[in-house]
Amino acid sequence: MTELERLTARLTAALPPDAVITDPVRLRTYECDGLTVHRATPGVVVLPETAEQVAAVVRLCGDHGVPFVARGSGTGLSGGALPRTDGVLIVTSRMRRIIEIDIPNRRAVVEPGVTNLAITEAVRDRGYYYAPDPSSQQVCSIGGNVAENSGGAHCLKYGFTVNHVLAAEIVTPDGEIVELSAHDPGYDLLGAFIGSEGTLGIATKITVRLSRAPEAVTTLLAAFTGIEAGGQAVSAIIAAGVVPAAIEMMDALAIEAAEAAVHCRYPAGAGAVLIVELDGPRAEVEHEFAAVERICRDSGAFEIRVAASAEERAAIWKGRKSAFAAVGRISPAYIVQDGVVPRTALPRVLAGIDRLQEEYGIRVANVFHAGDGNLHPLVLFDDAVPGEAERAEDVSGRILDLCIEHGGSITGEHGVGVDKARYMPRMFTGDDLDTMQLVRCAFDPRGLANPGKVFPTPRLCGEVPGVRKGAHPLVEAGIAEQF
Amino acid sequence: MHNQDMPDGWDALKGTGVAVRTAGDGDEVAGVRPRWVALPESAGEIAAVMRACAAHDLAAVPTGGGTKLHWGAPPTRCDVLVDLCCMNRVIEHAAGDLVVRAQAGVTVEALAGVLAAEGQELALDVPVPGTTVGGLLATGIAGPRRFRRGTARDLLIGVTVVLADGTIAKSGGKVVKNVAGYDLGKLLTGSYGTLGIIADATFRLHPLPAARVWVTTTVARPVTETERAPAVAGFLPATVAPVTESPLEPSAVEIDWPDVDGPCTLAVLVEGAAAAERAKTLRELTGEAAEVTEEPPPWWNRLPDDDALLELRACPAALARVLPALREAAHASGARPAIRGSLAAGTLHIGLRGRPGQIADFVGLARDHAEGTYDGRVIVLAAPEETARRAGIWGRVGALPLMRRVKERFDPDHRLSPGRLAGGV
Chain A
1 MTELERLTAR LTAALPPDAV ITDPVRLRTY ECDGLTVHRA TPGVVVLPET
51 AEQVAAVVRL CGDHGVPFVA RGSGTGLSGG ALPRTDGVLI VTSRMRRIIE
101 IDIPNRRAVV EPGVTNLAIT EAVRDRGYYY APDPSSQQVC SIGGNVAENS
151 GGAHCLKYGF TVNHVLAAEI VTPDGEIVEL SAHDPGYDLL GAFIGSEGTL
201 GIATKITVRL SRAPEAVTTL LAAFTGIEAG GQAVSAIIAA GVVPAAIEMM
251 DALAIEAAEA AVHCRYPAGA GAVLIVELDG PRAEVEHEFA AVERICRDSG
301 AFEIRVAASA EERAAIWKGR KSAFAAVGRI SPAYIVQDGV VPRTALPRVL
351 AGIDRLQEEY GIRVANVFHA GDGNLHPLVL FDDAVPGEAE RAEDVSGRIL
401 DLCIEHGGSI TGEHGVGVDK ARYMPRMFTG DDLDTMQLVR CAFDPRGLAN
451 PGKVFPTPRL CGEVPGVRKG AHPLVEAGIA EQF
Chain B
484 MHNQDMPDGW DALKGTGVAV RTAGDGDEVA GVRPRWVALP ESAGEIAAVM
534 RACAAHDLAA VPTGGGTKLH WGAPPTRCDV LVDLCCMNRV IEHAAGDLVV
584 RAQAGVTVEA LAGVLAAEGQ ELALDVPVPG TTVGGLLATG IAGPRRFRRG
634 TARDLLIGVT VVLADGTIAK SGGKVVKNVA GYDLGKLLTG SYGTLGIIAD
684 ATFRLHPLPA ARVWVTTTVA RPVTETERAP AVAGFLPATV APVTESPLEP
734 SAVEIDWPDV DGPCTLAVLV EGAAAAERAK TLRELTGEAA EVTEEPPPWW
784 NRLPDDDALL ELRACPAALA RVLPALREAA HASGARPAIR GSLAAGTLHI
834 GLRGRPGQIA DFVGLARDHA EGTYDGRVIV LAAPEETARR AGIWGRVGAL
884 PLMRRVKERF DPDHRLSPGR LAGGV
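Chains as they are written, first to last, in our numbering: chain A, 1 to 483; chain B, 484 to 908.
Don't read these hints as lab results, they were simulated from the structure. Take the hints with a grain of salt, since some may be wrong.
[As the list claims (entries may be wrong)] In silico lysine to any residue, SDA-like type, Cα no more than 25 Å apart, as pairs:
hint, chain 1, residue 1, chain 2, residue 2
1, B, Lys763, A, Pro104
2, A, Lys157, B, Ala578
3, B, Lys763, A, Ala283
[Claimed, not checked] So these bits of chain A aren't anywhere near chain B, every CB distance computed over 10 Å:
hint, residue
4, Thr22
5, Ala56
6, Gly191
7, Arg212
8, Ile238
9, Ile330
10, Val340
11, Gly361
Owing to the predicted nature of the structure, the values given are computational and were not obtained by experimental measurement. Backbone N, C-alpha and C fix where the C-beta goes; we use that ideal spot for every residue, glycine too.
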């Protein structure tokens with residue numbers, strides 16, 4: 001009997017009858033997340049319904065020294081929820097209760113399996129919404145958002161998951177249930193936990209901030225002959241002191257793909273389109289809209305469309321939101337990257353990507369959150385052509401190098417996961433990574449929580465060095481304070 | 484083992500080449516006088532000081548403007564004060580990227596001056612003049628606009644830190660959108676110098692708002708003895724809720740209640756395009772007696788200055804119960820509170836006048852009510868030593884065991900600001 005089999009027997013005894021999956025066919029359905037190039041069939045899958053059950057599973061994993069991986073809806077794009085064949089996959093899809101909606105305090109308390117959009121749907125008719133809006137928001141879970149510190153098109157103005165979570169109940173890798181609250185003095189453990197990609201524990205209850213729905217929303221689409229003119233408009237908008245809710249850009253190849261897929265009918269002949277969304281108090285939006293429209297014309301926009309209704313707004317967004325899937329129409333396979341550069345470096349980085357396309361003979365479609373410099377280059381290739389997948393992978397890596405060279409990041413919102421762990425040493429020094437590892441060791445000294453993700457080389461934590469071996473028992477119990 | 488051999492430590496510090504001096508009056512950390520003061524000029528120099536401290540088991544406490552050195556618990560030992568006053572350079576202001584990187588010793592006022600020249604700002608209010616970037620992060624202090632913009636942790640995008648063993652590490656970077664690796668900056672926010680010495684920090688910026696307008700009104704004027712408290716309590720749901728729930732997006736909603744038996748002033752800040760127009764609409768919500776001004780009221784973004792200073796954190800809707808409870812605590816304890824803060828964000832600062840025992844009693848009553856009835860916190864930011872000892876500084880800290888484990892990994896020998904935080908951390 002393997003360790004995993006012994007553990008599975010105990011999991012079956014500890015959980016409700018249908019909460020443990022061992023059937024190989026059913027296990028296969030969990031073999032990857034949204035990044036399908038990485039696959040591994042989990043050793044066993046559990047579907048807990050309560051925090052106590054999650055804690056029990058984690059404690060049993062600890063007893064047997066078996067690694068565990070948490071998974072929400074499995075929409076992640078970095079392989080953060082890639083299972084371990086020798087481990088347990090803890091799926092939170094049965095924890096989808098909205099526990100409390102508290103409008104006077106502008107917050108909601110939800111379980112991790114609740115979808116991002118479900119929160120907004122639950123409070124929309126009272127004039128509120130949950131601000132972070134990853135493009136998978138209809139499906140993705142709030143627990144996954146917390147793990148990845150998810151953003152979305154509107155995070156330019158409103159920030160990320162970490163700016164909208166007020167408290168979280170987590171199960172630590174020791175199997176303890178702990179409340180992390182923004183009210184607590186001391187280290188911002190809540191902030192450090194959000195975005196830790198499941199390596200510091202599993203969120204089992206999340207208190208999110210609800211935002212007042214804006215009084216007015218205006219969406220504008222501007223068509224330019226080329227990406228340079230569009231980029232110039234973006235810089236001028238920012239320089240004018242306007243902070244739009246979103247500024248998105250697509251290049252000619254991305255427009256072509258979107259046209260083929262969803263017939264978004266963007267202006268013919270556009271070498272780049274810019275989508276600018278403004279929201280807020282009506283008086284403010286009207287004022288800023290006038291400035292944005294003028295800037296776009298001054299920067300050479302040859303056509304500007306303004307959405308006058310929710311339907312027209314949806315039509316403008318349709319092409320942008322379909323872009324990832326749409327490139328499937330013009331290329332058999334593609335890699336999505338998520339690098340970030342300082343906004344002012346965009347023209348140089350895009351020129352660099354052009355050079356890479358020529359050098360490798362690989363096409364790259366550019367879709368990006370232009371306001372915050374978050375690129376989503378889609379590296380197109382044909383996996384039937386020998387060597388092309390490898391060349392595409394090379395181009396992809398060199399795009400990340402370009403981002404790092406210009407002072408940017410290898411990932412803006414998709415996370416490091418298993419996919420980009422090997423690029424971490426290009427962005428951070430050994431000392432930086434070792435210091436981050438101290439956090440990991442504080443939470444998870446045995447390295448059982450989502451091992452192999454985020455960091456390239458797993459390290460042993462070891463005992464805490466030094467003369468002190470733990471705190472005084474009374475202090476540990478929270479009964480006494482040491483001064 | 485505690486090294487008492489002064490010449491060894493002194494020589495080691497001098498041997499780093501970093502400017503050092505003997506500590507004097509005014510160098511105390513919450514009443515504890517260090518032996519020496521080191522004045523590094525770079526992250527590398529901080530690292531050299533920390534390595535010397537490690538070699539000789541010297542405890543170090545960082546300081547910036549020194550404006551909040553009396554906050555927090557006294558360090559259990561303090562040999563070297565690491566004064567970052569020489570690290571006062573704005574390293575890079577990338578105006579086009581709305582990002583600034585500054586050394587830890589830059590004051591928020593100096594930073595604001597540099598940013599304003601390009602029409603930008605760090606959209607935080609810092610209620611203690613002379614606060615440095617490092618001190619802002621280490622204490623996590625924030626002012627009125629926390630309602631709209633959050634606190635320092637929400638605008639911090641990158642940090643360089645020197646650990647107890649002299650390791651220089653960074654996390655984040657200079658782009659706003661970045662999820663690569665753990666966010667060490669978050670851990671350092673509110674750390675009171677116990678995890679590492681912040682060498683520099685990078686923040687996201689905002690354009691300076693086109694206009695700022697305050698709508699100010701005095702409420703709960705005492706009519707009869709019995710009506711005073713209920714008037715304040717009743718006022719909150721009746722007037723503040725429509726303001727915060729309006730789509731006019733105020734940036735801050737503050738009260739100033741200098742005497743719990745007297746009137747209370749409410750001030751709402753509206754900023755951005757068309758601020759005046761929005762302020763007019765807000766005035767209709769707050770009442771015709773409200774004044775609309777382009778200058779803040781004199782108490783705006785200032786902490787009450789008294790014998791002791793508390794921070795109360797609560798869910799905003801709980802404040803209707805909190806304010807009468809604070810008034811009761813004042814009457815029961817004999818301490819006299821001056822209350823100021825962000826109604827909309829649920830954070831109040833309370834200045835207290837009174838004898839140490841009265842203040843300790845007030846803290847006990849307010850904290851029992853906070854922790855017992857609305858999951859709030861009452862933290863003693865600054866107080867006379869006797870008060871702090873009697874009342875306890877931190878109150879409940881839910882995740883204290885985890886905090887302690889982080890401390891043990893970062894500073895296993897407890898050489899960095901030991902004991903400054905809760906539970907001996």
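Results for each hint:
no., hint, in the structure
1, Lys763/B with Pro104/A, "holds (24 Å)"
2, Lys157/A with Ala578/B, "holds (17 Å)"
3, Lys763/B with Ala283/A, "holds (12 Å)"
4, Thr22, "holds (33 Å)"
5, Ala56, "holds (20 Å)"
6, Gly191, "violated (3 Å)"
7, Arg212, "violated (6 Å)"
8, Ile238, "violated (7 Å)"
9, Ile330, "holds (27 Å)"
10, Val340, "violated (5 Å)"
11, Gly361, "holds (29 Å)"
The structure fails hints 6, 7, 8, 10 (numbered hints given earlier, in ascending order).
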